[in-house]
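S.K.: Could you put together the complete structure from these sequences and hints?
As you go down the protein sequences, you meet chains A and B in turn. First residue of the first sequence: 1, per full-length UniProt numbering; consecutive thereafter. First residue of the second sequence: 1, per full-length UniProt numbering; consecutive thereafter.
Please keep in mind that the hints were generated in silico from the structure rather than gathered at the bench.
Simulated restraints on C-beta separations:
id: 1; chain 1: A; residue 1: GLU452; chain 2: B; residue 2: LYS583; range: 17 to 27 Å
id: 2; chain 1: A; residue 1: CYS451; chain 2: B; residue 2: THR341; range: 33 to 43 Å
id: 3; chain 1: A; residue 1: ASP278; chain 2: B; residue 2: LEU529; range: 39 to 49 Å
id: 4; chain 1: A; residue 1: GLN439; chain 2: B; residue 2: ARG571; range: 25 to 35 Å
id: 5; chain 1: A; residue 1: THR172; chain 2: B; residue 2: LYS528; range: 53 to 63 Å
id: 6; chain 1: B; residue 1: LYS528; chain 2: A; residue 2: LYS344; range: 38 to 48 Å
id: 7; chain 1: B; residue 1: GLN433; chain 2: A; residue 2: CYS451; range: 51 to 61 Å
id: 8; chain 1: A; residue 1: GLY454; chain 2: B; residue 2: LYS583; range: 17 to 27 Å
id: 9; chain 1: A; residue 1: ASP235; chain 2: B; residue 2: THR613; range: 37 to 47 Å
id: 10; chain 1: A; residue 1: GLU452; chain 2: B; residue 2: ARG571; range: 24 to 34 Å
Calculated lysine to any residue pairs in the SDA-like style (CA-CA distance at most 25 Å, straight line):
id: 11; chain 1: B; residue 1: LYS327; chain 2: B; residue 2: PHE349
id: 12; chain 1: B; residue 1: LYS584; chain 2: A; residue 2: ARG440
id: 13; chain 1: B; residue 1: LYS585; chain 2: A; residue 2: THR431
id: 14; chain 1: B; residue 1: LYS574; chain 2: A; residue 2: GLY399
From chain B, some residues computed to sit far from chain A (all C-beta separations above 12 Å):
id: 15; residue: LYS190
id: 16; residue: VAL385
id: 17; residue: LYS405
Note that the Cβ used here is the ideal one computed from N, Cα and C, for glycine as well.
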Amino acid sequence: MSELDTTGTPDSRGWEIPTIGGVDWQDNPDPVEESDPLGLGKGVYRSEGKVPRGFRPTASPQALEKLRQDYQHAGEQAAAFEQGKDIPFEVYVHVPFCYRRCGYCDFNTYTTMDFGEGASRENFANELIKEMELYALWQQSAGMKLKPASTVYFGGGTPTILPAADLVRMLTRVRQIWGLLPANLQPDNLGYEASTEANPDTVSEKSINELAEGGFTRISLGMQSAVPHVLQVLDRTHNQANVVSAVGWAKKAGLSTSLDLIYGAPGESVDDWKRSLDAVLSLEPDHISCYALTVAPGTKMGQRIAHGELETPRDDDEAHKYEIACEQLAQAGYQWYEVSNWAKPGHEDRHNLGYWRGADWAGLGPGAHAHAGNLRSWDTRHPKVWTRQVEAGILPWAGHEIITGQEAREEKLMLSLRLYEGIAFDELVSTIADGDVTQRAQAREQVNSFCEQGLLERFTDKSGQLRVRPTVKGKLLNDGMIEAFLG
Amino acid sequence: MKQQVNQPGSTPQSLIRNFCIIAHIDHGKSTVADRILQLSGVVDAHDMRNQFLDKMDIERERGITIKSQAVRVPWAVDGTEYTLGMIDTPGHVDFTYEVSRSLAACEGAVLLVDATQGIEAQTLSNLYMALDDDLEIIPVLNKIDLPSAEPEKYGEEIANLIGCDPDDILRVSGKTGEGIPELLDTIVKKIPAPHGDPDAPARALIFDSVYDSYRGIVTYIRMEDGEIHSRERVRQMGLGSAHDPIELGVISPDMQPTQSLGAGEVGYIITGVKDVSQSKVGDTITTEKNPATEVLPGYREPEPMVYAGIFPMDNVDYPDLRDALDKLVLNDASLVYQPETSVALGFGFRCGFLGLLHMQIIVERLRREFGLELITTAPNVHYRVIAEDSSEITVTNPSEYPEGKIRAVYEPVADADIITPKEFVGDVMDLCQEHRGNMKNMEYLSTERVDLHYELPLGEIVFDFFDQLKSRTKGYATLNYELSGEQEADLVKVDILIQGERVDAFSAIVHRDKAYAYGVMMTKKLQKLIPRQLFEIPLQAAIGARIIARETISALRKDVLAKCYGGDITRKRKLLEKQKAGKKKMKMLGRVEVPQEAFIAALSTDDTTDRDTREKIRAAKKKASL
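M.R.: This is the structure:
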């Protein structure tokens, strides 16, 4: 992971002491209950009354007010930064609400409308915007520059359970606080990407138009399957007609479209799977994700399987279906770019690519994860507690970790080996073994051996650099391969 | 505690009675012993722990006695205080030799039989030993408080065996204490007093020696003639070594130092020697100043009958395992071991044991007392192999089995006694048949129970015979065996190959008829136990170069998490780290990762003959006969 952009005076961590907004954060008058455990800059972990421990940027009220006034400027200022080799900055918003919970789902989502104390669907956008402000405040207090977001992604849950106006309001606030990267500053000249996940049942032509007009560029629809009995096992309520019309509206509104499929559900035959693939292809979305069904033990489906009501998904069956997907999607002109993702050229999900390429992102909303430099942090999962923290002016982190050395190398392997762009051969070798010549020779041999076993393939990129990426077999055995590299 | 009149060193032999208790496991020996301690007043009721004499945790937990103990207790009859030397004896077949030691230190034996179960095979064999030694036998039925007790029926059985009057058999309950005072009275009245010469030069028999981590070797002795004083230099006549005793004493029920020990008394001596081989059981102790000239009759040295490899899970624990064995052997001279190197399991030891239980106990003690994680290979016996060139080797480890042509192989055989209720006679005979047994004869102990005599290859007994005997007779049958000689047998070595590489830990020497069964069973077991990997893994069983069974572990086809987005990254990395840590516990056989549990499970002797296995065995045999 490379360092953060630093200007001014670096402190002992190599991070500058910030002066944005004319406030010197070093002179914070607030009492410090606990010294900064992370070395992240000014701020403490503290609890307040019945509010559990979270991370509080220790800004004075005046500083906070000044910052609010400066948001507008900060966004513009940030947008003006020279991009160069800068690490992209993204924003993820987690909307933890659904009309009903699907049997296989283990995401952080709730069917409750209103938890009380302001934790409700209705008030969610307001609270989330407060967290945006707290996050920006923390970034500054920790010496990071606010810079324009290259992507914004609304995931869930079901983001489209909220009125389109709320989603647009949140996106607008991102634009005000950080800015949205204009096309001329993007390497591919495509401009920012703003996606939302959507359930086909929760969108209308009107809401889709509203999203597009409000700045959204992309919509990802959860289709899962085209086969009724498979949808039923998955507890999905939508019918195929809704998917067809949603895709039509989205295309008409100029949004880039993505459809999600799940394979390997109990009772799904190979023919069922082929039918779903055919159905997706007939809709000609710009992007397709295919996920093997993963059953978590705590879910309703997990319990049904444990009780023998449903059969356990079999790896061999899923492998077979994956191979079918690879073949059919490639034939239809979709290029895979990650284990579970295919796109027409130029329609890769840049937000998700950011996760795998090591971008920084603000993770906002209950349970969302964030990444900044070598820090990974995650928000409190329960919306009610999360709301209390936000209301108390606490960045609602439930925990964090600092990724260094070995862990960073593990992540590098884990993420880059899922991608079509792969990893430079030499970088892979030095990531596997950072030690002496002998270790590197062994690592080189191991990489070559996986190439011979047909798990990896070598290729040369435009600049003539030798790289490796996983084959279909290597994608299917990705985790096993990474484990082998980690020795 | 009650003050005793008779003091060690000055107790006339006429007031001494030395006895042991012969009983089967679970027949309540320790409970009766506890009750005796309590009634005699040497242990206060509130100090009473159950099974006071069984010192080791394992003994207490398993309810069996491994090491004998010797306790001095007072008991008054008609106003005269007598001194009873109670020598506790192990009840299991593996520890027969320890019983024989105890018997030699006594003039009488209490034959304790569970009134709900009747006499068992091992008790019978110990009883015969006691009769051979001319010990006075006091037959006792225990557990008469239980509703299921049948004292009449089992009393009859005992009477037939030892030729006494059924009415003379005492009935006691260790649990309630009923009949115990009468038992003690009978011991005093019936068991003869020792009759050594108190004025002769001192002679004492070493009947046990144990290692105590604080005090070093504690040697248990039975005084025959003369007396020993605490400051007198003593000599071991057999070894020829001399020592100054650090302490002399009696156990009552804790160690009590005394000035001297006189003829007929049982006590202990601590000389400061550091291992049991320096305090040889069966040897005679005399004094340096006034030495005796003739040694007392000793014992037959116990010989290991069962061998197995013991390996640390993690090879860095090898030195710890060595230290642990060095310590255990201080306490248990019957354990033998020598370093062994296995390609699959690394550095370990090939150990010789008296029997399967002995092996289990040693392994358990290594685990528990020394905190070692271990893998043990399948137990086997020793074979005498004559090669084509008439050279001869003794094989205690399948990996030593010669590769070339073999002229003959001899295996040890044992005389086995199996006592079973008559309804299981057919099952027992089938079982013995399957294990290449030869019936010698069959006796009815009573109308209900039968004593079957078989000659069985020892190798068949040690593998899984005992467990099967128990399961086929609902736990009723009991087994006793004794090595009786050797016989030529058609034995072969079966190797197991994983990805074409022989895994020495799984090799076994088996009868040719069983080779196919072993090969099929092992390959099938391993197929289930070894997780699928990135490549296909062939599993084969072979005799020499000939493959007799084959299974395949197909290559893993999918091992990838479908999603790896923002929040999944940390979770997935932790999962990877966990798996990586788990992998460290895997043994690498070539490229194949084998979980340690697979070794343990594959080497366990459970019966896994399902239908598919049986069919494959039949097919393999058929193929071989074509």
